[in-house]
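Trainee: Now for the letters of each chain:
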Amino acid sequence: MASTDITVKNPQKLSLKTRKNISVILNYLLLIAIAVFFLFPIIFMFVSSIKNNETQIIRDMSNIKAFIPYGEIGIKNYFDVFQQMPFGRFMFNSVFIVSSTVLTGLVLNSMIAYALARIRFKGRGFIISLIIALIIIPTEAVVIPLLLMVNRIGWLDSYQVQIVPFIVDAFSIFLFYQFFIGLPISLDEAAKIDGASPFQIYWKIIVPLSKPVFATVAILQFLFRWGDFLWPLMVTRGYEYRPLPVAIQQFFSQDPKVWGDIFAFTSMVTIPSLIIFLLFQKWFMRSVASSGIKG
Amino acid sequence: MISESAISNTKSLKKKGSSLQKRETFAAWSFCALPLLFLFIFLITPFIVAFVISFTDQRLISNPNLPTQFVVFRNFLRLFNSSSFHQALWNNILFVLVVVPLQTFLALLLAVLVNQKLRFINLFRTIYFSPVVTTMVVVAIVWYFLYNPGEGLINQLISFLSFGKLGPYNWLNDTSLVLPAIMILSIWQGVGFQMVIYLAGLQGIPYELYEAGRVDGANSWQQFWRITIPQLRNTTIFVIISTTILAFKLFTQVWVMTRGGPQGASKTIIVLLYQEGFTMLRVGYASAIGVLFFLIVLCVSIFQRIYLKEERAVV
Chain C
1 MASTDITVKN
11 PQKLSLKTRK
21 NISVILNYLL
31 LIAIAVFFLF
41 PIIFMFVSSI
51 KNNETQIIRD
61 MSNIKAFIPY
71 GEIGIKNYFD
81 VFQQMPFGRF
91 MFNSVFIVSS
101 TVLTGLVLNS
111 MIAYALARIR
121 FKGRGFIISL
131 IIALIIIPTE
141 AVVIPLLLMV
151 NRIGWLDSYQ
161 VQIVPFIVDA
171 FSIFLFYQFF
181 IGLPISLDEA
191 AKIDGASPFQ
201 IYWKIIVPLS
211 KPVFATVAIL
221 QFLFRWGDFL
231 WPLMVTRGYE
241 YRPLPVAIQQ
251 FFSQDPKVWG
261 DIFAFTSMVT
271 IPSLIIFLLF
281 QKWFMRSVAS
291 SGIKG
Chain W
1001 MISESAISNT
1011 KSLKKKGSSL
1021 QKRETFAAWS
1031 FCALPLLFLF
1041 IFLITPFIVA
1051 FVISFTDQRL
1061 ISNPNLPTQF
1071 VVFRNFLRLF
1081 NSSSFHQALW
1091 NNILFVLVVV
1101 PLQTFLALLL
1111 AVLVNQKLRF
1121 INLFRTIYFS
1131 PVVTTMVVVA
1141 IVWYFLYNPG
1151 EGLINQLISF
1161 LSFGKLGPYN
1171 WLNDTSLVLP
1181 AIMILSIWQG
1191 VGFQMVIYLA
1201 GLQGIPYELY
1211 EAGRVDGANS
1221 WQQFWRITIP
1231 QLRNTTIFVI
1241 ISTTILAFKL
1251 FTQVWVMTRG
1261 GPQGASKTII
1271 VLLYQEGFTM
1281 LRVGYASAIG
1291 VLFFLIVLCV
1301 SIFQRIYLKE
1311 ERAVV
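Going down the list, the protein sequences come from chains C and W. Going by the numbering used here, 190 is the number at position 190 of the first sequence; the sequence numbering is gapless. In the numbering used here, each residue carries its 1-based index in the second sequence increased by 1000.
Do not rely on the hints blindly, as some may be mistaken.
Stated by the list, open to error - Just so you have them, the derived chain C footprint on chain W, three or more residues with Cβ under 8 Å:
| # | stretch |
| --- | --- |
| 1 | 1075-1089 |
| 2 | 1194-1202 |
Stated by the list, open to error - DSSO-like mimics (lysine-lysine), calculated; alpha carbons at most 30 Å apart, straight line:
| # | chain 1 | residue 1 | chain 2 | residue 2 |
| --- | --- | --- | --- | --- |
| 3 | W | Lys1165 | C | Lys65 |
| 4 | C | Lys192 | C | Lys122 |
| 5 | C | Lys282 | C | Lys211 |
| 6 | C | Lys257 | C | Lys76 |
| 7 | C | Lys257 | C | Lys65 |
| 8 | C | Lys122 | C | Lys211 |
| 9 | C | Lys211 | W | Lys1117 |
| 10 | W | Lys1165 | C | Lys282 |
| 11 | W | Lys1022 | C | Lys122 |
| 12 | C | Lys192 | C | Lys211 |
| 13 | C | Lys204 | C | Lys282 |
| 14 | C | Lys204 | C | Lys192 |
| 15 | C | Lys76 | C | Lys65 |
| 16 | C | Lys204 | C | Lys122 |
| 17 | W | Lys1249 | C | Lys257 |
| 18 | W | Lys1117 | C | Lys17 |
| 19 | W | Lys1249 | C | Lys20 |
| 20 | C | Lys282 | W | Lys1117 |
| 21 | W | Lys1022 | C | Lys204 |
| 22 | C | Lys192 | W | Lys1249 |
Unchecked claim - Distance windows between CB atoms, simulated:
| # | chain 1 | residue 1 | chain 2 | residue 2 | range |
| --- | --- | --- | --- | --- | --- |
| 23 | C | Leu209 | W | Phe1080 | 37 to 43 Å |
| 24 | W | Leu1102 | C | Asp194 | 40 to 46 Å |
| 25 | W | Glu1151 | C | Ser129 | 32 to 38 Å |
| 26 | W | Ala1033 | C | Gln160 | 17 to 23 Å |
Calculated from the structure, these hints are not laboratory results. Owing to the predicted nature of the structure, the values given are computational and were not obtained by experimental measurement. Cβ atoms here follow ideal geometry from the backbone N, Cα and C, with glycine treated the same way.
In isolation and in its complexed conformation, chain W is listed as follows (with noise of 0.2 Å):
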């Protein structure tokens, strides 16, 4: 009785699953045609533009005497030998070299700061965090005053530290200068943000461990190496990658500050691509930029998934 029951229920269950299963798959993929339809038009599509475009001549307003014309790789050859887009590359190059170890240990460092049980913390967290919600266009503009080259307050402060014996430098002006002084105000306006992710790593590690190191007789010292280090392993990752892709896209503080001189000293991959596409209107050799940067974005992200399949593959 029981047992037959149960199969007049589950035939019936099936039944009802196969009219529910219709049912489910039409409302999932209701669920996704706006969506989808929205990801295809506005990135898919000038994604595959982005690339076809960047084999021809193509002008943002088109001459209907001279048309658009396929040159195959003549963008990509040109852009190769430019020397401002080598320029442009190795400036970016610069930023990532110096920005992403600095910024990264310098938000390790004040995720340990403000992870301790200390009264006033959250206030201290919400004050390292606040440049993060500032504007990018506000921060670069009061750096801009704070850079004044000759009596500015960076130049003074510099001055009193060193007795009177360094400066003033013209910092915005002055093409060995103007990238650190970008760089600087960049850690300063993005630090927080990885502070926080740290932050959460940091709490995230099982206090067990702590415990059994203190056991094995381990100081703060090793257990912060042997212990925390290895723990966030992930997360460093996280925020190494992450910082690299936002030093490429550098764009807004370099655009408000110096438009990427002195002499190009400042000029970054994203500099060139807004110039070329759209103050001298070449689309066609700004494409060929857009898809050399993705490129690059593209390998820094597969460093990401190479590099976190190996931690789960020890795990």
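The shape of chain C in the complex, shown without the other chains (with noise of 0.2 Å):
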């Protein structure tokens, strides 16, 4: 009985196996293929960066030599963008915007967030569904009076314009109110034994054990607001406020178009993303994940 059962078995175990190796070979023809289709423009644009001869990569453009560093290979085209540009005050304006924006978010949005989800109080329930409520109104709908109020006060041109509006969010609000509901309130209720404020059971307490959901919003809102181009192309007239997407359509819509160096510059502003976004990988995706558990 046993040894009919091996020989029986054996045969099959063995084309199963193979069976196996064939299909796991396909998966990765799949997904190696999808890998090209999603870095062949990202390539394309490094490798042209780097082309020192402008002629060279509009006759490069055609064929698979667009993704083979050759010829005059340097970094001219990024001295060019230097020469052409203060690319250091874009690269600034973009930063400091988005980081100041992020981070003074990141205490105000947890901050209501915190009174929200671990305090009773009159007005709690009311302020909770305008929050709610206020998540579904786009940026779009209200650029416009926006852009009357904010000229009436003369911000036009100015870093606070594109930074004070968008400081408080009622996404983010809504992300810190159902992490921090989740949390047992039998810790507030221990501190507050121990004679703790509400101030210090946020700051001891409650923000020490959200790491998660703090890096979630900022990495989320440093994504949306990195990419944000309507509302900069609308308040920014010269070069000192300008942030960096403005500044390289700006340059790219100037004739004639010399592609070595808008790609240099394309470069430029994608490099520093990528690396943060390689060294903070998982929590990237974990980030983006989390914004999907909605409603």
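Both chains are sitting in their own frames, so use the hints and assemble them into the complex.
Mentor: Structure, rendered in structure tokens:
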């Protein structure tokens, strides 16, 4: 009995194994093909940015050579960008605007969410429904009146016009609220008995326990704010306060287009955000995933 | 003895409680005050102002000789009769009809692929997600070059795959091709985001369901349709709704690549809003566009809430 069992099973096992191997190989081929699709524009951009010869970039664009760094390789295009415009200034503007919006936002949004999630007080229910209702209003729907308002108070062409209106964000409050409400209430009660004030509870107990949600909100806000285009396009005029996305677009729309320089510019914008992404990759994925748990 | 001390204990706690409550209420409001003030100034006020000035002929720089007038529904009537608004609305709807199903399907497909237990699978997840962290303006510029009418890489690829029978196309200058061209790069940039949301959804499905399915003799295809898809219902609703809203917000890539052209073939609601409000300085008219845009987003969001509620009632 036992011996026949083995003889019957063995060839089946082998064929199963080869079948499995084939499916694994096919799987990898598919995965690699899709990876090529997602990577080719980015690789093309980097490779073109280090080709010093503009005519070579144009000549190479129609074939596989577009992806091969050969010929006159160097960083001449990068120097050109720095020579033609205050790239450092644009980079500083973007970093300053995004980081101050996100960091101030972390404090203010988490504080109101803490009050709503952990303290029972009159008006709490109303504020919660108000904030959930406000999530629906897209920035695009209010940019025109907002432009009218900031124009009246003379904020056009400044840092604050790109920071202050976006610090408090209803969706960020909601994410904090959802996280805080899941923490055990006994934590607060124990601290209360020890005589801790609400601010102490927030700062010493809630914040240290809530690193994941702080990371989530910071990353999501960074992703959204870093690419902001419509509003800065409306409120910045000169070089002084212009953030990167608007600066690239204006450089790109000048004729004649020098593609080597354009790609050097876009590469310098892309490299820092790709590095940040690769460093905090797991956190990025987690943040995006938790933005979907809603409703 | 024990009960007495317990009573006095609760009494003192209650006394302590009321003063504590006052302190807590004060603290709560001081936590809420500043954020609520910001929301009031920068979101609620402009939102109300949008409704108010959409009924006026307000201009960005007001002319002292021509005071702003209340025009009732004139902006809305003009909007409903304007062919460029029809065109923009239709472009957005077309974009939604094509991109939302396609992107949702692709995101699910990618999520299933990268949910396998294979070596280097994290590398593939990272690669598929990397366009999401690439700024949209950069994406639009790179694809502008790839879509180059004559010798562009995309044209060459199509010509190569069709043995020279198809193309070359004038992607961004052809009224019938410009929108599909923008759709492709939008999906390329955005699908990684939804993939990650689906991935989280897939990993949240209890393993026992699949085991039970296997015991009942379901093959992997049946397991996918009978277990995976129904379990991902809420995730799918979320992905569809958020992609729809994003599709109505379409602006950046269009502005960088075509500014709504050729002949308005890629004009969207937000492009129109920008042109009317910022270029033409017709703030009242642009606000009317903003109000309609909000109503569209509101309808889409209400759909989401209805469907999600239904789900809760079932469970």
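Trainee: Check the hint pairing W:Lys1249 with C:Lys20 against an upper bound of 30 Å on the C-alpha distance.
Mentor: Violated, at about 45 Å.
Trainee: Assuming the hint says 32 to 38 Å, is it satisfied by the Cβ distance from W:Glu1151 to C:Ser129 or not?
Mentor: Violated, at about 57 Å.
Trainee: Is the hinted range of 17 to 23 Å satisfied by the C-beta distance from W:Ala1033 to C:Gln160?
Mentor: The hinted range 17 to 23 Å holds for W:Ala1033 and C:Gln160, with Cβ atoms some 20 Å apart.
Trainee: For the pair supplied as a hint, C:Lys122 and C:Lys211, is the alpha-carbon distance within the 30 Å limit?
Mentor: Judged against 30 Å, a Cα distance of about 29 Å means the pair holds.
Trainee: Could you grab the alpha-carbon distance between C:Lys192 and C:Lys122 and see if it respects the 30 Å cut-off?
Mentor: holds, 20 Å
Trainee: Taken at face value, is the distance from the CA of C:Lys65 to the CA of W:Lys1165 at most 30 Å?
Mentor: Satisfied, since the Cα-Cα distance of roughly 23 Å is no more than 30 Å.
Trainee: Holds or violated: W:Lys1117 with C:Lys17, Cα cutoff 30 Å?
Mentor: holds, 16 Å
Trainee: Measure nothing beyond the straight line between the CA atoms of C:Lys204 and C:Lys282; if it is 30 Å or shorter, mark the hint as holding.
Mentor: holds, 26 Å
Trainee: Would the hint linking C:Lys257 and C:Lys76 be met if the CA-CA limit is 30 Å?
Mentor: Given pair C:Lys257, C:Lys76 holds - Cα atoms ~16 Å apart, limit 30 Å.
Trainee: Three residues or more, CB to CB closer than 8 Å: is that satisfied between the stretch 1194-1202 of chain W and chain C?
Mentor: holds (count 5)
Trainee: For the pair supplied as a hint, W:Lys1249 and C:Lys257, confirm whether the alpha-carbon distance does not exceed 30 Å.
Mentor: Between W:Lys1249 and C:Lys257 the Cα gap is close to 28 Å, so the pair holds against 30 Å.
Trainee: Could you tell me whether the CB distance from W:Leu1102 to C:Asp194 stays inside 40 to 46 Å?
Mentor: The hint (40 to 46 Å, Cβ to Cβ) is violated, given that W:Leu1102 and C:Asp194 are roughly 57 Å apart.
Hint compliance for this structure: hints 1, 10, 19, 22, 23, 24, 25 are not met, and every other hint is.
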